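First to last, the sequence lines map onto chains A and B. Count the first sequence with the working numbering and you get residues 4 to 272, in order. Count the second sequence with the working numbering and you get residues 181 to 891, in order.
In short, the hints are calculated from the structure, not lab data. Do not rely on the hints blindly, as some may be mistaken.
[Unchecked claim] Restraint-style ranges between C-beta atoms, simulated for each label pair: (1) Gln292/B / Arg179/A: 42 to 52 Å; (2) Gly221/B / Ala122/A: 25 to 35 Å; (3) Arg232/B / Asn124/A: 46 to 56 Å; (4) Glu51/A / Asp217/B: 54 to 64 Å; (5) Ala122/A / Glu288/B: 25 to 35 Å.
[To be verified] Here are some, though not all, of the chain B residues that point toward chain A, as calculated from beta-carbon distances under 7 Å: (6) Glu205; (7) Ser208; (8) Arg210; (9) Thr250; (10) Gln295; (11) Ile298; (12) Glu301; (13) Ala308; (14) Arg311; (15) Ala312; (16) Gly363.
Since this is a predicted model, take the numbers as computed values, not measurements. We put the beta carbon where it would ideally sit given N, CA and C, even for glycine.
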Amino acid sequence: MELPGWAPATIDYTRPSPARVYDVHLGGFHNFAVDREAADQVRRFMPELPLILRANRSFLRRAVLHLVEAGVRQFLDLGSGIPTVGNVHEVAQEVDPGCRVVYVDLDPVAVAHGREILAGNPAAVAIQGDLRQPDTIVADDAVRGLLDFTQPLAVLMVAVLHFVPDDDDPVGIVNRYRKMMAPGSYLAISHASLEGSGTDRASVATQEYTSRVADFYMRGRSQIAGFFDDFDLVDPGVVYLTEWRPELPEDVGEDPRWTSTFAGVARRR
Amino acid sequence: MSPDTEMIALVRAWANALRRAGYVEMTSVRLTEFLSDLADGLVTAMAADPFREQPGYDVGVALVRARLSTPSSLSSSMTILAGLPGLAGCSDAAARSRADRLLAAMSEGFTQALQQRILTEQEAIQLAARRALVEAQHGWQRSQAQLEAVFDGAGTAIAICALDGDLIQVNRALADMVGRPIGSLPGSPFLDLIHPGDQASTRAAMLELSGTASRHVRLEKRFIRQDGTVGWAALSVSVVPDADDRAVNLVVVGEDVTVQHHLQRQLRHQAHHDGLTGLPNRELLYQQLAETLRTAPAGSRVGVCFVDLDEFKAINDTLGHSMGDRLLIAVASRLTDSLDPDEHFLARVGGDEFAVIVRTSRGPTELARLADRMLAALAAPIRIDAYRLAVSASIGIAEEIAGHTDPQQLLRAADATMYLAKADGRHRWAMFDPVRHAEQVNRYEMISELPQALDRDEFLVHYQPIVSLADGTLQGAEALLRWYRPRTGVVSPNTFIPVAEQSGLIVPLGRWVLREACRQASSWQRAPGRQPFISVNVSMRQCAEPGLVSDVTGALDDAGLNPADLQLELTETAVMVPSDSCVATLRLIADLGVRIAIDDFGIGYSNLAHLRHLPIHGLKLAGAFMAGIRTPGPDRVDEQIVGTIIELAHTLGLTVTAEGVENADQAARLAALGCDLAQGWQYGAAGPSSAIENQLGGAARPRPAVRRGPR
């Protein structure tokens, strides 16, 4: 029997959660033994994974700063994870305390922790939700209370769409968000890819991650670029993570392909 | 290197080392500023008096607070800061000792802060986990409460059953539906609520379901209320599985669909019955016939009678539709009374059409008797208000061995046969006759084919020579239409002309023949000397068309043919009908100079006195007369009649042509009787125009003066 929409998701502490495994790789301690164990095992097959995750986090920071500079004051962070290090609201509100941020994650623990951190911050909120249900998320009271969809906003999907299988129609899901965004809004995406690192290693790592943590779906650069559809890509377009507006030229590294992750930011006309 | 440059180099190296060690939240610029401040503090501490280790401790804490807190963050910081004495500008033993003590303090500060952070974050995540769990439980309780509210308040009946079918829990709607107190239901078998006639099938469906998990089934069953009344319920039965997908319970969701059910039955009845007479309609007749044919024992016969009232339209038109309707009701009732409901199935299939299926026919004789019975049932006038309406019917009968036919074929045969009964004079029955049926079918096919046949050039004109009996010379030719029907070959004009007359196609067809024949005659006349005339048949229908005059002038003009060289042949009936529009048309044509002849003269009813008032120029004696003209004949009466006709015709100034002349002897006798012209096998059968051309060329004798009748 399928659970009705208003029934809570179950909490299973015996399985690692992607949000908490991410936290382990970023050097955080908001995690359980199962998460740390899973993180170690995945790292054994893909030693550069922690570096890739850091590069993702760094992209998020650069993207948010760029968006704040571009005038965006509302953010919807889908798949935000454990809000510990380099949060969107910290980055954005440091520039303008008026920035409003909604965090959405499937992991009830991550969300509960997010609420704790954000208590007393009227301009940021964390809700539990499934990014595959755009209409449910946008209809959420907390989201409606903080974000105005008739005004430009930024939807962030950093390192999260690769958890959505093709059967769930990720293109359709992203389309739905894009349709609901007012002109002048931005979409930021980073997504793991089979391109870049050797295909064999990537697929082994994918299998490992899938069996230890959660299902994982690599996609090609053109597929990833396709998520932006008719939005105008901000320079430099869809590129490897570290190539996207690096702070220092040396941040790119000799061969940017090592992250095997593509990132981009685009604006709705 | 100046101290400043050294400082910048150290900070840059430190920043790079930390970036390698772990995730750096700060931007590069912020990180440089941050580390410069820390380095400045340490340089100041090196020179402080009195010397304190606290600044080193603070740097360690600051690093962790900035989340630069991986194990390699500490070790690489230690390595980089080993250059501290140089940076402070003195590298003696005392300075090195101060630096060592500062770094040791930094390590302690780092470790303590990290420990603190680990404890804080672990506590935070544990708290968060507990809170999430509590929230989930609240949510579960909330959903549980919501489920109960839905269960109790639902308008649809819901029952939770054990796998053995005993009710565990039911809601108010279910108790209301079956009219029992809610408390009396749990513990009793669900099947007790179901009508005994539906219990077995319901049990089977539920049993099948409990064997497999995560499935459900929809049923529509009768249920019994406490007061004994029966209703219909739409049921949806689902299995509730446990975590291992084993069936635990059954959930039955039901809705009282009694009203819909009755409505549906009513609609179904309406869809299959005639609203006026209440008899089954055409659709149900068809279904019934199909069913009868399908289930009939091998070799048994099935019959159908198609009953159509005669002249019903007249009653409708004169007495009104409501009277017509009442008559139909009365007819339906009389027919019903004359039939055996076990053996016969009566339906109203159209306005005044009824059909009877005879489920087992003992042969045509039995069906004929049945038809007689129906005709007799309708024989007595039907009284409606002050009227006594006499009705009769025509009945078509078809019957066949069940396996040798299908419903459509049998109904069509009976329907078509009914039309034969009508054609035979109404108020009678006709038995399906394969030969007549084939003719009829052929007729219908021709009606549909004829229009295209003209477009597709399937018609051809043949010509039969007409010669002078005085000297045997060719005087003219009769144009005869032939149809080369691709599917069946040449069709006799006797077959298709009546069809063309009936369908009206004779008009364009006749126009075409006229033009073709005139064109042909004109081409013959281009040869020197001979001027044969052309004789073309015109039907009654064509004659009634006002366009015939312009058709004739058009054909003559286009061909460039002299009107005197065209002869139109009409039957006696065409010119003898009382309506004189045809005669008027003929008069106009005669005025053009075209000759008119009466075809097949002598076989119909001819008003001889009337002949002289008609615009005609000649008679064509019917071929039937030729049988009496031969030597030695048994008697001479026929010959005398022919002689009299010829004499009479000559008195009226008419030319006489004999048709069907078969031999020289007949020709000689006709010549002796004074007959003017002749055609027939003796002079050549109808054929292509080349035959005429050959005769013209081969017998190029000068044309003698021939009586062509009065002008």
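Now the hints, each set against the structure:
| no. | hint | verdict |
| --- | --- | --- |
| 1 | Gln292/B / Arg179/A: 42 to 52 Å | holds (50 Å) |
| 2 | Gly221/B / Ala122/A: 25 to 35 Å | holds (33 Å) |
| 3 | Arg232/B / Asn124/A: 46 to 56 Å | violated (38 Å) |
| 4 | Glu51/A / Asp217/B: 54 to 64 Å | violated (32 Å) |
| 5 | Ala122/A / Glu288/B: 25 to 35 Å | holds (33 Å) |
| 6 | Glu205 | holds (4 Å) |
| 7 | Ser208 | holds (5 Å) |
| 8 | Arg210 | violated (10 Å) |
| 9 | Thr250 | holds (5 Å) |
| 10 | Gln295 | violated (10 Å) |
| 11 | Ile298 | holds (5 Å) |
| 12 | Glu301 | holds (4 Å) |
| 13 | Ala308 | holds (4 Å) |
| 14 | Arg311 | holds (4 Å) |
| 15 | Ala312 | holds (4 Å) |
| 16 | Gly363 | violated (28 Å) |
Hint compliance for this structure: hints 3, 4, 8, 10, 16 are broken, all remaining hints hold.
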